[in-house]
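Chemist: Sequence:
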Amino acid sequence: MSDIAPADAVGIINALIRDGRHQEATDLAVRCDGQWPNLAIFPLLAAQSLASRGQAEPALSACLRAVGKDRLGLESNAFFMALLIHLVPQVHWPQLYDVWRQNFPSAADLDALVAALAEHPQRYDFFGAWSRILLGTEHGTEAVDRFAHCLGPLSEAPPPADAIVAEYSDKAIAYDDDSVHRNSVDGIAPHLTRGLGGQAGQTIIDAGCGTGLAGHHLRPLAKRLIGIDLSPDMVARCRESGLYDTVIEADLIAALNDMPGQAGGIAILGCAYYFPDLAPMLTAARDALVPGGRLMLIDFPAAGAKSVRQTIGGTRRYCRSAETIRDLAAAAGLVVQPPDIVAYFNLPCYLWTFTRPE
Numbered sequence: 014m015s016d017i018a019p020a021d022a023v024g025i026i027n028a029l030i031r032d033g034r035h036q037e038a039t040d041l042a043v044r045c046d047g048q049w050p051n052l053a054i055f056p057l058l059a060a061q062s063l064a065s066r067g068q069a070e071p072a073l074s075a076c077l078r079a080v081g082k083d084r085l086g087l088e089s090n091a092f093f094m095a096l097l098i099h100l101v102p103q104v105h106w107p108q109l110y111d112v113w114r115q116n117f118p119s120a121a122d123l124d125a126l127v128a129a130l131a132e133h134p135q136r137y138d139f140f141g142a143w144s145r146i147l148l149g150t151e152h153g154t155e156a157v158d159r160f161a162h163c164l165g166p167l168s169e170a171p172p173p174a175d176a177i178v179a180e181y182s183d184k185a186i187a188y189d190d191d192s193v194h195r196n197s198v199d200g201i202a203p204h205l206t207r208g209l210g211g212q213a214g215q216t217i218i219d220a221g222c223g224t225g226l227a228g229h230h231l232r233p234l235a236k237r238l239i240g241i242d243l244s245p246d247m248v249a250r251c252r253e254s255g256l257y258d259t260v261i262e263a264d265l266i267a268a269l270n271d272m273p274g275q276a277g278g279i280a281i282l283g284c285a286y287y288f289p290d291l292a293p294m295l296t297a298a299r300d301a302l303v304p305g306g307r308l309m310l311i312d313f314p315a316a317g318a319k320s321v322r323q324t325i326g327g328t329r330r331y332c333r334s335a336e337t338i339r340d341l342a343a344a345a346g347l348v349v350q351p352p353d354i355v356a357y358f359n360l361p362c363y364l365w366t367f368t369r370p371e
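The sequence shown begins at 14 in this note's numbering and counts up by one.
Worth flagging that the hints you see were computed from the coordinates, not collected in a lab.
The beta-carbon is built from N, C-alpha and C at its ideal position, and this holds for glycine as well.
Careful: at least some of the hints might be erroneous.
[As the list claims (entries may be wrong)] List of simulated lysine to aspartate or glutamate pairs, DMTMM-like, C-alpha gap at most 25 Å:
| no. | residue 1 | residue 2 |
| --- | --- | --- |
| 1 | K236 | D124 |
| 2 | K319 | D158 |
| 3 | K319 | E371 |
| 4 | K82 | D16 |
| 5 | K184 | E262 |
| 6 | K184 | D246 |
| 7 | K184 | D158 |
| 8 | K319 | D340 |
| 9 | K184 | D124 |
| 10 | K184 | D258 |
| 11 | K236 | D191 |
| 12 | K184 | D264 |
| 13 | K236 | D271 |
| 14 | K82 | D111 |
| 15 | K82 | D122 |
| 16 | K82 | E37 |
| 17 | K82 | E70 |
| 18 | K319 | E169 |
| 19 | K236 | D300 |
| 20 | K184 | E169 |
| 21 | K82 | E132 |
| 22 | K319 | E155 |
| 23 | K236 | D258 |
| 24 | K319 | E132 |
| 25 | K236 | E262 |
| 26 | K184 | E253 |
| 27 | K236 | E253 |
| 28 | K82 | D124 |
| 29 | K184 | D199 |
| 30 | K236 | D199 |
| 31 | K82 | D138 |
| 32 | K82 | D40 |
| 33 | K82 | D175 |
| 34 | K184 | E155 |
[What the hints assert, rightly or not] Okay, the calculated beta carbon distance ranges per label pair:
| no. | residue 1 | residue 2 | range |
| --- | --- | --- | --- |
| 35 | Q108 | R84 | 12 to 22 Å |
| 36 | R252 | P166 | 38 to 48 Å |
| 37 | R252 | D290 | 23 to 33 Å |
| 38 | D271 | D199 | 29 to 39 Å |
Based on the sequences and whatever the hints tell you, model everything.
Modeler: Following this line, the structure appears as structure tokens:
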């Protein structure tokens, strides 16, 4: 390999990977790593080739070697995060995350990585993946801090209702097939049981019910289960589930306003992020609850005091600080508990529980 430049070797290895010749690509990357030991690209290419064959352990080893050569670089660190999420069972994340953290032994070292990538064009994907891993290693508060780098100032108006209907018309048929959607709801099921399972014979409203994925967990808690959704296609799928007594096609706030004092529990799990202002939603939910009834709501977090921000990538989501939510709850006349930090759509979220006073 002494007769070619590193850039040419990189091109050859990438071509081998594209052609599916992964063993040759790995072998060449390892040889180049020996020849140019200060370059991170060759162990990274070896990791990518190994991962293409599903060889998680050697891929992780090669990737960690790349991180050690370029601690503040995006590519090696981002690929490590991707390997954990896509190839490694979550039970092993804490141990492997600790190994990665050895490259950043002090808080100052970790802060240097954050500072190096905080304005990177691909920061949304990187910090989103990092926050997901922190959730999986039970570092919820730190996950919220990292997610802050996925946010920017309010820059876009909320999508009109017809755009949301069109979006979910396209998604309805395959929505339940997406493991991210299923895992999001399944992951918060114990919280729903604790928060909404206390009253026998109650009506529960699943506001923003979609296809009814949450119905599997809400049905055992309710004597009567009502779904509300704006999308006709999602409503049709929800009705087909057979889990709901009634499914209403309507605007969420308008429908809640038509149900004063009817619900012992309300779940709003996958739609609050479309609303720039939650005050009307919280007021409508309070009025729909019986005294002592509970509302459980998923909202994406923003760091800082009294902050409302917007994601800079993926689905545009409104994100609110905990203090903002507490102020809104007080204004709506709801008693609020400290939020749980949970994974939803593979990102950190606040799961709030509010109670209408007796």
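Chemist: Among all the numbered hints in the text so far, which are the ones the structure does not match?
Modeler: Of the numbered hints, 1, 3, 7, 9, 11, 33, 34 do not hold.
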